[in-house]
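All chains should be modelled from the sequences, with the hints used to inform the complete structure.
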Amino acid sequence: MYKLKGADFQPEHFDWKVEERVATVTLNRPERKNPLTMESYAELRDTFYKLKYADDVKAVVITGAGGNFCSGGDVHEIIGPLTKMDMGGLIDFTRMTGNFVKEMRQCPQPIISAVEGICVGAGAIIAMASDLRYGSDDCKTAFLFTSVGLAGCDMGACAILPRIIGHGRASELLYTGRSMSADEGRDWGFFNAISPAGEVLERATAAARRLAFGPTFAHGITKKCLHQEWNVSIEQALEIEAEAQAICMQTEDFTRAYKAFVAREKPVFEGN
Numbered sequence: 008m009y010k011l012k013g014a015d016f017q018p019e020h021f022d023w024k025v026e027e028r029v030a031t032v033t034l035n036r037p038e039r040k041n042p043l044t045m046e047s048y049a050e051l052r053d054t055f056y057k058l059k060y061a062d063d064v065k066a067v068v069i070t071g072a073g074g075n076f077c078s079g080g081d082v083h084e085i086i087g088p089l090t091k092m093d094m095g096g097l098i099d100f101t102r103m104t105g106n107f108v109k110e111m112r113q114c115p116q117p118i119i120s121a122v123e124g125i126c127v128g129a130g131a132i133i134a135m136a137s138d139l140r141y142g143s144d145d146c147k148t149a150f151l152f153t154s155v156g157l158a159g160c161d162m163g164a165c166a167i168l169p170r171i172i173g174h175g176r177a178s179e180l181l182y183t184g185r186s187m188s189a190d191e192g193r194d195w196g197f198f199n200a201i202s203p204a205g206e207v208l209e210r211a212t213a214a215a216r217r218l219a220f221g222p223t224f225a226h227g228i229t230k231k232c233l234h235q236e237w238n239v240s241i242e243q244a245l246e247i248e249a250e251a252q253a254i255c256m257q258t259e260d261f262t263r264a265y266k267a268f269v270a271r272e273k274p275v276f277e278g279n
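One rule links them: number in our numbering = place in the sequence shown (from 1) + 7.
It should be emphasised that the hints constitute simulated quantities derived from the structure, not laboratory data.
30 Å max Cα-Cα, derived DSSO-like pairs, lysine-lysine:
1) K266 <-> K231
2) K273 <-> K12
3) K57 <-> K24
4) K57 <-> K109
5) K59 <-> K273
6) K24 <-> K10
7) K231 <-> K24
8) K59 <-> K230
9) K59 <-> K231
10) K230 <-> K10
Remember, predicted model here, so these are calculated numbers, not experimental data.
If you want it as structure tokens, here you go:
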């Protein structure tokens, strides 16, 4: 079976490390609040695609350097060139950015965003597309596409954001482009928890490690079902989950958990 080691990945356009089964992506252009470029978009897309083959990575944390998460697409390296492209080039770009989100949702590892400071545009999309989100008490999240004359329907926002915070709240943010405060994000369910600035990455990494040392095969099944069941009937969902759970019942981790329970011990999962 085709395998890769996440520890061997060497991306050029963001920082990357793998420790204790957790990969950490750090967007590292702090002088500009970590904007994305054409190249970093493509490399992030390709990295998340490869993660399905990286058996040493069981969870992923995404963060930004310098006290900010991500300021979206770089004005000079993305927005400017887009104004000069023909329709063919534009659709290639928008499909590429959409494929980045697709690879985030399809990789089996849970993805946790550690959001501090500015989290806007494509940065807000990255947080939205993650499985869990932890924010700082001063973070500001905005889907500000309308402020540059674009629609709010960018990179899956109209499909995913309403499912997280509700249709009315998502509509307001996508129409107006205004910032969602940390407290709003927590109260609306966008953020799983809020921490003081400077402590968010530690909290997100601790959560990732808990997942990474859990029943990781089963976590991958959970993520797959959460993604697949958006657009199916309850009857289809019940059948999908019946098949998925039966598969998990054949794993060694399921047997380990039973034996640990009988022995009154804590199970040690191995992801198989």
